[in-house]
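Colleague: This is what each chain is made of:
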Amino acid sequence: MPDLLMPFRRLGHAVVERIWRLGFAARFFFAILRYSGASFLRLHLTLREVFFSGVLSLLIIMVSGLFVGLVLGLQGYETLQRYGSTEALGVLVALSLTRELGPVVAGLLFASRAGSSVTAEIGLMKATEQLKAMDMMAVNPIARVVAPRFWGGVISMPLLAALFSAMGILGGWLIGVVFIGVDDGAFWSQMQSGVDWRYDVVNGVIKSFVFGIAVSLIAVFEGYDSVPTAEGVSRAITRTVVTSALTILALDFVLTSFMFRGA
Amino acid sequence: MKRTVLDLWVGFFVAIGIVALLFLALKVGNLSSSHLSDTYVLQAKFDNIGGLKVRGPVKSAGVLVGRISDIRFDPETYDAVVTMEIGGRYQFPKDTFASIYTAGLLGEQYIGFDVGGDEKMLKAGDTIKKTQSAVVLEKLISQFLFSKAADGQDKK
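One line per chain: the protein sequences are A and B, in this order. Mapping to the working numbering: the first sequence position 165 is 165, numbers consecutive. Mapping to the working numbering: the second sequence position 17 is 17, numbers consecutive.
Calculated from the structure, these hints are not laboratory results. In this text, all values refer to a predicted model and were calculated from it rather than measured experimentally. Worth double-checking, as some hints may not be accurate.
[Stated by the list, open to error] Straight-line alpha carbon distances no greater than 25 Å define the calculated SDA-like cross-link-like pairs of lysine to any residue that follow:
1) K27/B with L33/A
2) K2/B with N203/A
3) K53/B with Y83/A
4) K53/B with D196/A
5) K59/B with W197/A
6) K59/B with F12/B
7) K123/B with F144/B
8) K132/A with F24/A
9) K139/B with M121/B
10) K59/B with F260/A
11) K53/B with E108/B
12) K59/B with W9/B
13) K53/B with Y90/B
14) K27/B with L59/A
15) K27/B with F24/A
16) K45/B with L64/B
17) K59/B with Q190/A
18) K27/B with M62/A
19) K129/B with D151/B
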């Protein structure tokens, strides 16, 4: 009897555990929102986190953006050439970057570059009982440690995604116009007539903003919820990267289906 | 790290982030050139809209004057009702002719306004009376074939 029901019990346990964690994460999110006053009143706390998650991610974001743009330029030209419409290269590069690749790839890079380090920092603070010590001194660790890191990520992410897209478009221009010799005027004018400010650019920025919230929340939550041992922290970091990546891709699908329906 | 150095870097980061956003807005998107800020709505009924799409262009004399905001099917008259947002600075006479054209041989379809000579102008929410539907290639070919066949019979 118990042997037969064991798999079901395990399944049920796993599901309940997941839902419990999700609920805890949601409550944690509201706790961050509630205690985030301090991170704006003492702005240097947040600025410090913008520095660590934003400024230090600049190099990887800009270089990756440039290379993604270069590859898009080459591949796009290769395909468009068959249909004799190489002037559309600008539209192709700009639309794929502003709508999808900019927010998504920047989000993935941001999760692995900045999210993981935030998780590691908070997890180690927990493992060395710094968070408990703060609590003992009547300093709320959520207000002092978690909220600034969360808002630092939320502020950095849209800027990084915009930089990624801009660098990518420059990369596409470099390949298309400078190296291959697509007409410069046609490249930009087709891009401008094909890309809509409200529909394409703003929707891309909204996406990157949502990804910023998701990645930052996952990073601080995994750190705060980690098992306070060396192994626990390392697992929390792995979970941050894996969960962030999956969340970004799933959210991207949901947002895309809302934003770019038909038309 | 010292506060001032950190502030400088953050300021630098935010500044180039905003520059990137502006670049996307002005150079990549069309915020600067043909942004139709204040618009008014016109409607037109067509028998057949062909491959017309929402967000497609509305042109007059080849210049973009608006965009298609909605396409509906009217179940009472069996017509397609196309709603357009026209830029506020463009006014058209009451007897403007709205036709569906195709850009190039395989290009996208758009609505073209052929301006009439009426003194009165179309107001927001008006419906354009005179319309011409999209040209459906199959109909055109079959008309051509039938007329050819009829010609042949006449000659006998």
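Colleague: Each of the hints needs a verdict: does it hold here or not?
Modeller: Results for each hint:
1. K27/B with L33/A: At roughly 36 Å apart (the allowed maximum being 25 Å), L33/A and K27/B break the hint.
2. K2/B with N203/A: violated, 37 Å
3. K53/B with Y83/A: holds, 23 Å
4. K53/B with D196/A: Holds - the C-alpha atoms of D196/A and K53/B are around 15 Å apart, at most 25 Å.
5. K59/B with W197/A: holds, 19 Å
6. K59/B with F12/B: violated, 43 Å
7. K123/B with F144/B: Not OK: K123/B and F144/B at ~40 Å, beyond 25 Å, violated.
8. K132/A with F24/A: holds, 19 Å
9. K139/B with M121/B: violated, 35 Å
10. K59/B with F260/A: holds, 24 Å
11. K53/B with E108/B: Satisfied, since the Cα-Cα distance of roughly 9 Å is no more than 25 Å.
12. K59/B with W9/B: Answer violated: K59/B to W9/B is near 47 Å, above 25 Å.
13. K53/B with Y90/B: Between K53/B and Y90/B the Cα gap is close to 22 Å, so the pair holds against 25 Å.
14. K27/B with L59/A: holds, 23 Å
15. K27/B with F24/A: Distance of about 44 Å is beyond 25 Å: violated.
16. K45/B with L64/B: Holds: K45/B and L64/B sit about 20 Å apart, inside 25 Å.
17. K59/B with Q190/A: holds, 17 Å
18. K27/B with M62/A: Roughly 18 Å separates the two Cα atoms, so the pair holds.
19. K129/B with D151/B: Status violated; Cα separation ~35 Å.
Of the numbered hints given earlier, the model fails hints 1, 2, 6, 7, 9, 12, 15, 19; all others are met.
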